[in-house]
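Participant: Top to bottom, those sequences are chains Y and E. Residue numbering for the first sequence follows my numbering, beginning at 9 and increasing consecutively. Residue numbering for the second sequence follows my numbering, beginning at 20 and increasing consecutively.
Keep in mind that the hints were calculated from the coordinates and are not lab data. You may find that some hints are simply not true.
Chain E is faced by these chain Y residues, among others (derived, beta-carbon under 8 Å) [said to hold, decoys possible]:
{"id": "1", "residue": "Gly-50"}
{"id": "2", "residue": "Leu-53"}
{"id": "3", "residue": "Thr-63"}
{"id": "4", "residue": "Gly-66"}
{"id": "5", "residue": "Phe-114"}
All C-beta atoms, glycine included, are put in the ideal place defined by N, C-alpha and C.
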Amino acid sequence: NAGVTQTPKFRVLKTGQSMTLLCAQDMNHEYMYWYRQDPGMGLRLIHYSVGEGTTAKGEVPDGYNVSRLKKQNFLLGLESAAPSQTSVYFCASTPHRGGVNEKLFFGSGTQLSVL
Amino acid sequence: AQKVTQAQTEISVVEKEDVTLDCVYETRDTTYYLFWYKQPPSGELVFLIRRNSFDEQNEISGRYSWNFQKSTSSFNFTITASQVVDSAVYFCALYPSNDYKLSFGAGTTVTVRA
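Bound-form chain E, shown alone:
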C-alpha cells in the first residue's frame, strides 16, 4: 500500500518570503512517480511537476523548486519570493508503477499575505 503524508496543514507567510512544503511518501514499489498539484481558490487542479523515482535530480522552474530525496522518501516543494497568487492548496501525490492509482496527501493550504 502507498501513503503520502503532508504534515503541514496550513502555512501563512508574508509576500516575498520563501515557503517550503514537505511531502513524505511510502511505497513498496521501486519505480514510481511523484507529483505536485496546485488548487487555487477557483477550485481546479493544476499540474505542477512530475518526477520519476529513478531521477533524483532537483528541479527549478521559475520561483518553484523541488527537492527529491529517495533516501528519506521525501519530495519537498519550495516557493521562492512568494506572491499573493501563490495562495492555494498544494497536493503531493504518488503513482506507483505497479498500480493504477494516484494517491494524494491531505494537502497544505498556503496563504500569502500582501
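Only chain Y is shown next, with the shape it has when bound in the complex:
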C-alpha cells in the first residue's frame, strides 16, 4: 500500500516550458487536492477534485490546469511555466466526507524550479 505518490520529486524548467505533475493514490479516495507551499505562506490550494471526472478551482488556480480522468490519478499541468511557479507542490487525498478518520494523506512533494 503506497499511499499517495507524486512524480517527479524534482524538476527544473525554463520559463515558457510545460510539464505535468502526476499524483497517484491507491486508497480509493474520492477527494484529491493540489497545494503549493511557499515560504511564509503555508500551503495554498491550487485545484481540487471531489470525484472522477470533476475538478474545481482553489485559492491560486491561475497558470495551472488539472484533470482527473481516473479516480486514482490527479494531474497538475503547467502550460507555460513562470518563475513565480517555483514552489514545492503537494498532492493530497481523503476519503469521502464523514469518515471517522477523515484527514488528508499527503504525498512527499515535488520541488519545482522555474528559471
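Chain Y is fixed; fit chain E onto it per the hints.
Facilitator: Chain E in isolation, oriented as in the chain Y frame:
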C-alpha cells in the same frame, strides 16, 4: 470564507522547555474539523491531530497537548519538554463541513536547541 491565522512565525527554545503554538481560525460553518500537521526538515507532512468542532475536550498525546476553545476560535498546541526532534514547521488547518477544502495557516517554525 475560512481563514487560519498562526501569528507566530518562528519560535526558538532550548531543549526541555515547553512551547505553545497559537492557532486562531475563522469560519461561518457550525461544524468543522481542525488539524495540526508537522513538517520536519525532510519535508513530508505528518498528521498530528484532528478535532471536531462539537468536541471541545482537550487532548494529550505523550508530550503533545491541544487546547480547543470554541469561544475564542482557537486551537493551540503545546509541546512539553521539547526535544531537538521537535524542530519542524507546524501547520494548523481548518476543514469546514460545508466545503471540500482544507485551509492552512502560514505555519510556525519551531527550533529546539540542544
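Participant: All hints, please: hold or fail.
Facilitator: Hint check:
Hint status for Gly-50/Y relative to chain E: holds, with the closest Cβ pair at about 4 Å, below 8 Å. Here the hint on Leu-53/Y is kept, as its CB sits about 6 Å from the closest CB of chain E, short of 8 Å. This hint is violated: Thr-63/Y has a C-beta 11 Å from the nearest C-beta of chain E, more than the 8 Å allowed. With its C-beta approaching chain E no nearer than about 6 Å, Gly-66/Y sits inside the 8 Å limit, and its interface hint holds.
Using the Cβ-Cβ criterion of 8 Å, the hint placing Phe-114/Y at the interface with chain E is satisfied: the shortest such distance is roughly 4 Å.
Comparing the model with each earlier hint shows a violation of hint 3 alone; every other hint is respected.
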